[in-house]
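Q: Going down the list, the sequences are from chains W and C.
For the first sequence, my numbering gives the first residue as 1, with consecutive numbering after it.
For the second sequence, my numbering gives the first residue as 1001, with consecutive numbering after it.
Some clues are possibly wrong.
Stated by the list, open to error - Cβ pair distances, simulated, as ranges:
id	chain 1	residue 1	chain 2	residue 2	range
1	W	N209	C	G1043	35 to 41 Å
2	C	G1160	W	D21	20 to 26 Å
3	W	W85	C	W1122	54 to 60 Å
Simulated from the structure, these hints should not be mistaken for laboratory data.
For every residue, glycine included, the Cβ atom is placed at its ideal position computed from N, Cα and C.
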Amino acid sequence: MSERTTPSVEDPFAQALAAADVPGRSLWTDASHRLLKNRAAVVSGIIMAVMVLLVVFGPMLLPWEPDFTDWDHTSSPPSLETGHWFGTDAVGRDLLVRTLEGGRISLLVGLVATLVSLAIGVTYGAVAGYYGGLTDRVMMRVVDIIYALPFMFFVILLMVVFGRHILLIFVAIGAVNWLDMARIVRGQTLSLKNMEFVEAARACGVDHNAIIRRHIIPNLLGVVMVYVTLTIPQVILVESFLSFLGLGVQEPMSSWGALVNDGAQDMESAPWTLVFPAVFLTVTLYCFNYIGDGMRDALDPKDRL
Amino acid sequence: MSKPVLRVQDLAVTFTSTTGGLLQRRERQIRAVDGISFELNAGETLGIVGESGCGKSTLARAILGLISPNRGRVQWMGEDLTGLDEEALRQKRKQLQIVFQDPVASLDPRMTAGDIIAEPLWTFYPHMERLQVEERTRGMMKMVGLLPNQINRYPHEFSGGQCQRIGIARALALNPRLLICDEPVSALDVSIQAQIINLLRTLQRKLGLALIFIAHDLSVVRHISNRVLVMYMGQAMEVSAKADLYRRPLHPYSNALMKSVPIPDPELARRVRAESWLTGDMPSPFQRPRGCIFHNRCPYRINRCEADVPALRRMESGDWVACHRAEELDLSI
Chain W
1 MSERTTPSVE
11 DPFAQALAAA
21 DVPGRSLWTD
31 ASHRLLKNRA
41 AVVSGIIMAV
51 MVLLVVFGPM
61 LLPWEPDFTD
71 WDHTSSPPSL
81 ETGHWFGTDA
91 VGRDLLVRTL
101 EGGRISLLVG
111 LVATLVSLAI
121 GVTYGAVAGY
131 YGGLTDRVMM
141 RVVDIIYALP
151 FMFFVILLMV
161 VFGRHILLIF
171 VAIGAVNWLD
181 MARIVRGQTL
191 SLKNMEFVEA
201 ARACGVDHNA
211 IIRRHIIPNL
221 LGVVMVYVTL
231 TIPQVILVES
241 FLSFLGLGVQ
251 EPMSSWGALV
261 NDGAQDMESA
271 PWTLVFPAVF
281 LTVTLYCFNY
291 IGDGMRDALD
301 PKDRL
Chain C
1001 MSKPVLRVQD
1011 LAVTFTSTTG
1021 GLLQRRERQI
1031 RAVDGISFEL
1041 NAGETLGIVG
1051 ESGCGKSTLA
1061 RAILGLISPN
1071 RGRVQWMGED
1081 LTGLDEEALR
1091 QKRKQLQIVF
1101 QDPVASLDPR
1111 MTAGDIIAEP
1121 LWTFYPHMER
1131 LQVEERTRGM
1141 MKMVGLLPNQ
1151 INRYPHEFSG
1161 GQCQRIGIAR
1171 ALALNPRLLI
1181 CDEPVSALDV
1191 SIQAQIINLL
1201 RTLQRKLGLA
1211 LIFIAHDLSV
1221 VRHISNRVLV
1231 MYMGQAMEVS
1241 AKADLYRRPL
1251 HPYSNALMKS
1261 VPIPDPELAR
1271 RVRAESWLTG
1281 DMPSPFQRPR
1291 GCIFHNRCPY
1301 RINRCEADVP
1311 ALRRMESGDW
1321 VACHRAEELD
1331 LSI
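Pulled out of the complex, with its shape left as it was, chain W reads as follows (with noise of 0.2 Å):
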């Protein structure tokens, strides 16, 4: 520290004054500190980072399209010669091609419908709980209604009224997921409107969508985004599981889910369409697990040591 090396006679406040600004430590910065000594999380990230890029740049660079049926080599298995390092199935589609190209939607619909969840989860969850009351009342009777509705019948509805196609995938799953999301939400802001600091904000003039959007909502995410990690799987799953139906995605559309199920009709003459993309989608929701529970500890400190 420099004001060691330079010993002075002046009043030290006055010193103190003149240094230059102290950074502050957020306690994001602290918990990502203390994430990134948690080895299962950061290897989990690491792998994820890889599986992102593959899933979004490896079928360009593959020369199979996901579509192509290659005649010679129909339910070959995995070898180097032919070019098809995973195997095909049997119509002679490349495996690896494929499961990149699954990986891409399951991904996607990972990501997009947990998006879609969070955005409705944590505004209706917050404004319920921030307002309380019979607006708070109304809307978590709302909630329960929705959620007593049978997911799959829901979606088989959603099917037969629309017809198949991947955005009521995320649809579907958007409109269940935000419920937990909401409720989740609701409770802990119902903890945190009583706090001395939203009391404060009030007397300080700052309106309610601000204190929502200022105090409420920043001091939500911690737990949020530990919920966040864990839908993502969950999301995944649940695609999977539609697919496995046949309810998911559509041929020659893909996704790790619906490989899986082709995989097993063939599981005992093509092992190998089972085992490729099973490996990726049970990597991937290790890896995610690993993450949200990382965060959780870094996020909560006190929780365990």
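Use these hints to put chain C onto chain W, whose structure you have.
A: Just chain C now, kept in the frame of chain W:
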């Protein structure tokens, strides 16, 4: 005598507590503040004392309109605040500010000290230049004895006393005329308490603030107040000039409070303790005693106390008391 800036008349706040489920729903009323009246002059300090749960903080919040009162009026500079709509009341917040009890909990942990102090400025002067806001923020920090170069630090990086200074800076950022301090030092070390109180006194003198100082520590109140309001179960027992209250309290409850102050001299303590002392606990807020609210704990009660509610009345000294026997009792300490 100057005209009072704040006039509180018969202010009452009632909370409803609901118990039981749908079928056995029972509503009970808690009278947190029950008909408080007082006046406050410009530049004056009114101390409010009373046990925990007597409604001090509720009174503070009702005056500021953070809780809407069920009855009574709060007049600020001759204007009734209780009748104002939300937006009009919000505009008044520039002049009426509060410092909270818990210095850490009253600061948003995700905001920097600078942002916390600047927030009232953003709110009321949204078009103020960024540099100007920062300059004023630094000025405020200096004024309350914080180093302006700590502007980017977060609340968890400050000590409790420093956090309270941030709270004071935020409250003063808008140049208010009235500052309500809701037990501002009860969460702090004794050594820090003195610093904060002296800071408040200095600022009050410098800025000509009217101050309402709530505390349960009588020596703290004695240090800072001109007049003191003694509260018990939501009602005012006595409103006296400081010198009068600490020399000769008019109400038996004030007397009991004075005697409960720890005395560092064991000899003297034994003598004082030997005299009358409060018996029993504060009654349940659901079962308020009839007559004088204090009668079941009062060593000086007479039959009349159980029947009639004593009004707060003015004594010859100019002090106010709500006790039937105020004239005959000599409660000198």
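Q: Against this structure, judge whether each hint is valid.
A: Quick rundown of the hints versus the structure:
1. For N209(W) paired with G1043(C), a C-beta distance near 37 Å keeps the hint of 35 to 41 Å intact.
2. Between G1160(C) and D21(W) the C-beta distance comes to about 23 Å, which sits within the given range of 20 to 26 Å.
3. A beta carbon spacing of about 58 Å between W85(W) and W1122(C) agrees with the range 54 to 60 Å that was offered as a hint.
Checked against the numbered hints above, the structure violates none of them.
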